[in-house]
Structures are given as structure tokens and as C-alpha cells.
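Let the sequences and hints guide you as you build the complete structure.
In the order they appear, the protein sequences are chains A and B.
Residue numbering for the first sequence follows the numbering used here, beginning at 856 and increasing consecutively.
Residue numbering for the second sequence follows the numbering used here, beginning at 3 and increasing consecutively.
Note that these hints are calculated values from the structure, not bench results.
One or more hints might be untrue.
[To be verified] Some chain A residues near chain B, calculated using beta-carbon distances under 8 Å:
| id | residue |
| --- | --- |
| 1 | A914 |
| 2 | E915 |
| 3 | G938 |
| 4 | G975 |
| 5 | S978 |
[What the hints assert, rightly or not] Label-pair restraints from in silico Cβ distances:
| id | chain 1 | residue 1 | chain 2 | residue 2 | range |
| --- | --- | --- | --- | --- | --- |
| 6 | B | L91 | A | R1017 | 54 to 64 Å |
| 7 | A | R948 | B | L70 | 50 to 60 Å |
| 8 | B | W264 | A | R999 | 49 to 59 Å |
| 9 | B | G107 | A | D896 | 37 to 47 Å |
We treat Cβ as the ideally placed atom computed from N, Cα and C, and that holds for glycine.
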Amino acid sequence: MRVAAQIDIAAPPEAVWEFVVDPERYLHFMHGITRWEVCGDTPSGLGARYRMLMRVGSAEVGGMVEVTEYAEPRDMAWTSVTGVDQRGRWRLRERGTGHAPRTHVEFRLSYGVAGAGLLGWLSERLSAPQVSANLRRTLQQLKRTVEHEQLRRAAAERRSARASA
Amino acid sequence: MADAHTAARDAIRNGHHEGGVNGASANGAGSGDDPRPGSGGSGLAGLAARAISGLAGAVSSRIPAADLDERDPDFIRERLPGLWLLSSLYFRGEVRGLGNIPEEGPVLMVGNHSGGNLTPDTHVFTLAFCAYFGVERRFYQLAHNLVLSMPGLGMLRKFGTVAASPENMRKALDSGAALLVYPGGDYEVHRPIWERNRVDFDGRKGFIRQALRHDVPIVPVVSIGGQETSVFLSRGEWLAKALALDKTLRLKVLPISLALPWGLNVGDMMGHIPLPAKITVEVLPPIHLREEFGEEPSVDEIYDHVLRLMQDTLDALAAERRYPVIG
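Right under this line is the structure:
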């Protein structure tokens, strides 16, 4: 099953990228995620591994994932190593320029259990609304967090400019 | 015809000791005198005794040899969606505190058992455990011999279900696995519905002795809702005794309930359709026995502690429920 959600954030891609590659921030903005822990010595980047879980229905579902694509600040993709089969992707594209930079963010997740047959097909479809809602809320939370951070930084710059003037 | 001797021989072959996990006589099979039903009597009584003895032999011959390698992670992974549907949509399962289970190493999870022979709380917990830790983590469950010998339930072995015996428990814990046991067993799982919110291990303390022997932590797993999936009326201990099932099949009970689609359901051997009761499971923090109770701990003291913890949790879960079945 493949679900996706997208949103425009009033910030440059680099500012959004800071959030989506930092595993320590995942629990703050990823809705439904109950665990996102670094496994191994590489906290981020190509080959980084995380143990992640998302609450879906009566269970926390997930497993270990590995980052398989890392193109700063545009794409980060991962695929499952253990647990349920899944592929995820953050896709960041610059939309605005100059004084009003904007980033179009797309969050994709494909999941399932190979070989699970009809019940697998049914469970994927029945769980899709909840997973999809998790993705949408994640993006809304990400937008709020990133834009708030942008405002905070801009205010700090204005204060320092006034102080130096 | 197979007789009780054959049954005993087969039981030993399969790593089963009389008394099961819980020591000398915890699972209802006394380790004392064995008045074999097939050995005497006349007329109808004798015929019934011989039939039961034959059944015991047949059951024992069906108990699979204990082999932990029969657990099949790929098989479990492929069944998770089905379990998810059952757990999420039918029983509206909710499992809390899985983070209390140590991330690695052997651990003995001790649960209260509910729901008759179908044990819906086990399904809900198995799904939650396998999804949380991954099917790769070795996870075994001990079950009554009769469950494993039921036709059509062979797949349970692929889930990691093995016959309840100290030997199988030792093997599982030595392999570093997480092991789920229900000390109350058949006695607790068929308790009447008015005792649904009571933890009742029937005084079985074998699991504590095993935990001490293997020096593994005990993690209590408390569930509620399973006993609302049917109207359990009586354990039918008197009936089991009258039919000598306690001696032949290690069954202390022959439950009587009102269940779909049978109406009056005696024995529950054919299963039943459970009511869609909401199942809630709460996992408590691990109890490190020697750290908390000293180097030479009292089994009775630990038993009282574990039981009190579980009963307090069950009381709290019961207080959250507004209506039976609905939750």
C-alpha cells in the first residue's frame, strides 16, 4: 500500500532538511511514531539505521530501516531491513525564491507484508486511512515547527541588528 | 489401543513431566498415585473409563516433540496482518507498556489467562510483541498439551508455542528467548464470568522456581476483556474429576459456558465464536528477583508480590471499563 501527503512550508529547503534528517526531532513532529532510535554509529546520512515504530490499530508496527538515498537537501529515502516491508521518502523541492522562499514537501510511505495474501491486502487497505492521517498530521506539525523556527531566527537577527546599530 | 502407559511414555519423549511447568502437580496432573481409568471397572463405567484412557493415549501421541526450531519467523510475519485485523477490528486491542520488556536476553513473561480455549488475549499480545520487537526476536509461549494436540492447531508450533513443561521452559530460556507463561492455565482460563477480574494462579508457583533457577526477570502481563468473550458459568471441576480427565489429560476442568453458536457449551472442545470484547493488556516493569528479594528469596513472598501487583493492575484496568464487552 502506498500513501503520501504533501504540504508547502514557508522556509528554504535547507531549513526543512535540518529537521527531516535529525533523528532526535522525529518524535517531536512525526505523528503516530512511538520510536525512532539510531541503531549503530551513524546518526544520519547514507547507511544510517533506525529502529522505528508507528502505532497503527492495536499494534506498534515498524522495524529497522536503513537510509538508502541521501541527496542534500532534496531527497532522503529509506527501506526496511527487518519488520514489516516498507519504503519511505522525504522529497523536498524549492518553490519560492528571494524574500519568500517556499519548499514543497512530500512524504511518501509504502508498506505491506510480502506473502500475506488476502488478509495482508485487506489489512493494508483498512490501515491506510490511519497511516495517511499520520502522514498528514506529521507534515502539518513539521510546517508549524519549521516556520516557527524561521520566525524565531528572523526575530533573533533583527534583535542583533538593532543591538549593533 | 494406546493406554495411559503409552501416554506417559509419549509425554516423556516429548519432554513433558507430570505436573508441567508448575512443579509437582500444578497443571492438574498429580505426580502421585495414578488410578488408570482403563485398569478396572465394569459395565458403562468401565467402558467410559476405557474410552477416556484411549483418548488420553491418542492425545499424547499427537503432542509434537518439543523442538524450538519449529518456530518460523517468516510464517509469523505473513500471519501478522491477519492477527492485526482480528486484534484491531474485532477485539479493539490495546497493549500498553511493551517498553517494559527488556530489549534483549531471556525474560519470563507471566500472564493472567482469559477467554476459554480461544484465549483472545494471547492473540492480541502476540501480535503486539511480534510487531514491536520484530518477528526475529525469539518468542515462545507455553501451552497445555491438549492445545498442541488439537487437530488444525499445528501451526501454533510455528508461532513458537511449545508444550508446558520445565524442560521446554529451560530450553527456551537457555536460548535467550522471551517466554510467555500462564501459570493459571486451564484452571484460570475457564473461571466463571463473575470472577473475570480476578487473577487466579491456583497457587502454582513453579514459574518462580524456574525464573530463579535460570536467573531471569519476571515481567507481569495483565489483560482484561478475555473473560467477557463468552458467558463462562463453571470450571466444571467436578465433571472433570468424575470423568477422570484430571488423571488422563491433565485437565482439572471441563468448563461449562454459554457460547455462540452452541448455546450451552460443555468442554469447549469445538471452540466457539467469541464475543467482540475489548481486550486491554498492560505490561508491568520487570521484577529482578534476586535484586529485589535477596540472594535466597522466598518463593511464597515473590508469589504474593507478583499476584498482588497483577491484581492491583487488573483492578485498575477494570475501573477503566464502563461496560462488559464494550469496554
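Cross-check of the supplied hints:
1. With a least beta-carbon distance of about 4 Å to chain B, the hint placing A914(A) at the interface is held under the 8 Å criterion.
2. The beta carbon of E915(A) comes within 5 Å of a beta carbon in chain B, closer than 8 Å, and the hint placing it at the interface holds.
3. Checking G938(A) against chain B: minimum C-beta separation of about 5 Å stays under 8 Å; hint holds.
4. The interface hint given for G975(A) is met, as the beta carbon of that residue sits about 4 Å from the closest beta carbon of chain B, less than 8 Å.
5. For S978(A), the suggested interface contact is upheld, since its CB lies about 4 Å from the closest CB of chain B, less than 8 Å.
6. Distance hint check: the CB atoms of L91(B) and R1017(A) are about 59 Å apart, consistent with the given range 54 to 64 Å.
7. Checked against the given bound of 50 to 60 Å, the beta carbons of R948(A) and L70(B), roughly 51 Å apart, stay inside it.
8. The hinted window of 49 to 59 Å between W264(B) and R999(A) holds, with their beta carbons roughly 56 Å apart.
9. In this structure the supplied range 37 to 47 Å is violated for G107(B) paired with D896(A), their Cβ-Cβ distance being about 22 Å.
Checked against the numbered hints above, the structure violates only hint 9.
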